[in-house]
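**Student:** Residue-level listing of the chains:
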Amino acid sequence: MPKLTDETLMLYADGLLDPPDRDHVEELLADDEEMRARLNVFHLTGRQLAALLQHHVDAPVPKRLRDALMEEKPEWSGAGGARRLSRFPNFRLPKLCVTGIQALQPALAAGLAMIAGIGLGWLLRGEAANNAVPLGDLVQMEGNRLFAVGALQRTLETVPSGRKSTLTLSGNREIDLGVKMTFRNETRDYCREYQITMPSTERYVGVACRVGRQWAVEIHAITAPSFSASDRTVPASGGDSLAMDAAVGALVFGDPLTGEEERTVIRDRWKTTNGDS
Amino acid sequence: MTEEVRRGIIELLPRLRRFAYALTGGPDQGDDLVQEACARALARLEQYQPGTRLDSWMYKIIRNIWLDQRRAATVRGIVTDLDAGPEPAGEDGRNVTDSRLTLKQVLRAMEKLPDEQRILIALICFEGVSYQEAATILNIPIGTVTSRLVRGRRALSAMAVEGPTMLESKNAKADR
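Just so you know, the sequences run in chain order A and B. Quick note: the first sequence uses my numbering, first residue -18, plus one each step. Quick note: the second sequence uses my numbering, first residue 169, plus one each step.
Just so you know, the hints here were simulated from the structure itself, not pulled from any lab data. Even glycine gets a Cβ: it sits at the ideal position worked out from N, Cα and C. Errors might be hidden in some of the hints.
DEER-style ranges, computed between Cβ atoms [to be verified]:
#1 B:Ser315 - A:Pro(-17): 27 to 37 Å
#2 B:Gln300 - A:Glu7: 16 to 26 Å
#3 B:Gln217 - A:Asp2: 28 to 38 Å
#4 B:Ile178 - A:Ala32: 17 to 27 Å
#5 A:Ala32 - B:Gln300: 18 to 28 Å
#6 B:Gly176 - A:Ala32: 21 to 31 Å
#7 B:Glu172 - A:Gly235: 21 to 31 Å
#8 B:Gln300 - A:Thr168: 26 to 36 Å
#9 A:Val192 - B:Arg221: 32 to 42 Å
#10 A:Leu9 - B:Arg212: 26 to 36 Å
Looking at chain B on its own, in the form it has when it is part of the complex (with noise of 0.2 Å):
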């Protein structure tokens, strides 16, 4: 069970380090915690229920330790500085949806979000994760999942379009 185990978190490494690098902000912090989270798996593999998503269980493990590393990093006065990290691969140095949003507007949009919104946006519009499943990885309600993903993804747009200071009181106070 370990090797099918180990080799299906090999497979997939590829989205488990976006999901990361949406979370963090950045490549390497990104790949700091899928590492942590893998040795994590590895050593909790009794944990693993066979015939249940293991990608799942990996989403659920990366965000308990980053969720960790964040309350931490309060105590610790950490501050990611976005401006500070290289500026994201593409063209131009810019990654530009048909919609006209970049990467960076994008991650400095995340960072301003409270965190369990931050989560959603990172498991649903950048993994992929159904609704559902989302709330099955949080332990919350399908209405819950709704309801702060709808604020989340306001917060973002706005941020990102519009600069991040607008709506930062605001969004937090309608996540309280």
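Next comes chain A alone, as it looks inside the complex (with noise of 0.2 Å):
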């Protein structure tokens, strides 16, 4: 008795076979148990699982997600972006260096603290001074651009989303570098956005686009816990990463690649379409 697959079954479960399909996939269900065993699977787990959530969609819309509708700018943005951060109490802008602010939008440059200095921007601090990352293990300045270099520029270049690097210091220390995801900005340059995790847990995140062969720093920011050991306050779940996606959001141009995608262009060392790298 011939078999069928069980993506014949799938369909036939979820009502997608034209009727003579489904009258010959009936005919055999009839006469072999284990097919109808495999069958069973797909019923469990079709569209009849809209009713477990039924009750989620029969309750009243929180206020909170149409209020987020309601607001005239959501994002980063006077009154509206401080509604977000009120759901963070101990939610703090984090300071952030920014390279190439004119990419940004003007409300969202307005609503960030500058550092002025890129250098200092990339002291990693708020620890003891001794506990310094030096500036030139990461970037280095190219004109007036900063560009990742070393376990940096290693990390921007090979590491999947997802996945972190370490650099070890002297003294064992050990700094995590990971990379959160990967877009393409408006003119279509590849950009990563990383974050760099000290042993005190102090992080850094900041999004690198890619310049011909390297790695250009476009921002760079610190997040809680903050600078000061009084203020080691961690905030809410995703309170630190509501101000970095309104500075990717000003950069990113359609949607972050896939897993696929990435796995692709970071096979393809990041040649463009185009040709270009």
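Two chains, two frames, a set of hints: combine them into the complex.
**Tutor:** Shown next as structure tokens:
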């Protein structure tokens, strides 16, 4: 007796077969217990799963969701931004070091606390001075731009989003370098949002975009825990990401790369479709 | 146009909340995700093409933010513990389908699925999106939708009924 594939059984269970095919499937099922058991898998997991969350659909929509849609300027701009932040009472605006600031929306730029001087933003501070990471280990200035070097450059070049690499400093101190996502900016350059975590859990986040064969730092920020020991409060989950989301949102053009797309461009050494790299 | 889209998204909120709940495994995490998606949608209204499906656009935004959060969570080491969350609402704390799968069983099993399978099950099985529309939203061929969905539903059923450990490695291998 011919066996039906699982794909056919799934289409049957979902009511997607034409009548002649459906009749044929039913004939075969009538005499085949094993096939009926396989079919049951797709009945179990079919569209009736929606009923499991029907109570959630029927429940009143929380006010905060409606409010999110009624704000005139929902991202970092005046009162709208403040309302979003109010969900995270311990949240502090990160101190951002922004290069290429002209790329950011004026309203966004005005809402960020700037650090004058790129080098200051790169001193991984907040810990004792002897724990600071030398600037030259991670970035170098060329002209008026800051480029990733060393471990940061290798991480941006080769590490998939969601993974991290570790840099060991003197005294067996380690910092983690991770990538959060990859996207393309308005000029279609690849950009990556990165994160640097110090042994003390102090965290830096930023965005670097690939220019030629280098990664130019566009945004760099310190996030919680904050600078002083007395301020070591960690915001509620997601709080720190709101600031970066707003900043990154000004750079993103289109959707972030999927895992598969990212694997491909890493494998192809970041060559763009028009042959540039 | 802005007002029209805004109203459209408000009407969609109940469905978007269900989709996000199915993806994240929790009502609060789901609502956080929807809130983030609303903010992003309003900030990028110029990317919405009038006349196309607003629900698909919003599903896509939610999916993208969720994937970003998953990647970030891997870096940060955040782990969702379904046992730590509140018991899902329903009769005797259980939502029982005709086929006797409970919400908790399903969400626990979903948590173990590869992300792309989880997204497809949330879209197609929870939201009733057609295979073709899911292919459009995810920008993948419909054949890929079908094969991923078969694998995902087989794994979901096995893990929901028999427990999560048995098929995790097998499913992970099959999805490569």
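**Student:** So, for every hint listed, does it hold in this structure?
**Tutor:** Hints, verified against the model:
no., hint, result
1, B:Ser315 - A:Pro(-17): 27 to 37 Å, "violated, 20 Å"
2, B:Gln300 - A:Glu7: 16 to 26 Å, "holds, 25 Å"
3, B:Gln217 - A:Asp2: 28 to 38 Å, "holds, 35 Å"
4, B:Ile178 - A:Ala32: 17 to 27 Å, "holds, 24 Å"
5, A:Ala32 - B:Gln300: 18 to 28 Å, "holds, 23 Å"
6, B:Gly176 - A:Ala32: 21 to 31 Å, "holds, 25 Å"
7, B:Glu172 - A:Gly235: 21 to 31 Å, "holds, 23 Å"
8, B:Gln300 - A:Thr168: 26 to 36 Å, "holds, 34 Å"
9, A:Val192 - B:Arg221: 32 to 42 Å, "holds, 37 Å"
10, A:Leu9 - B:Arg212: 26 to 36 Å, "violated, 49 Å"
Of the numbered hints listed earlier, those contradicted by the structure are 1, 10.
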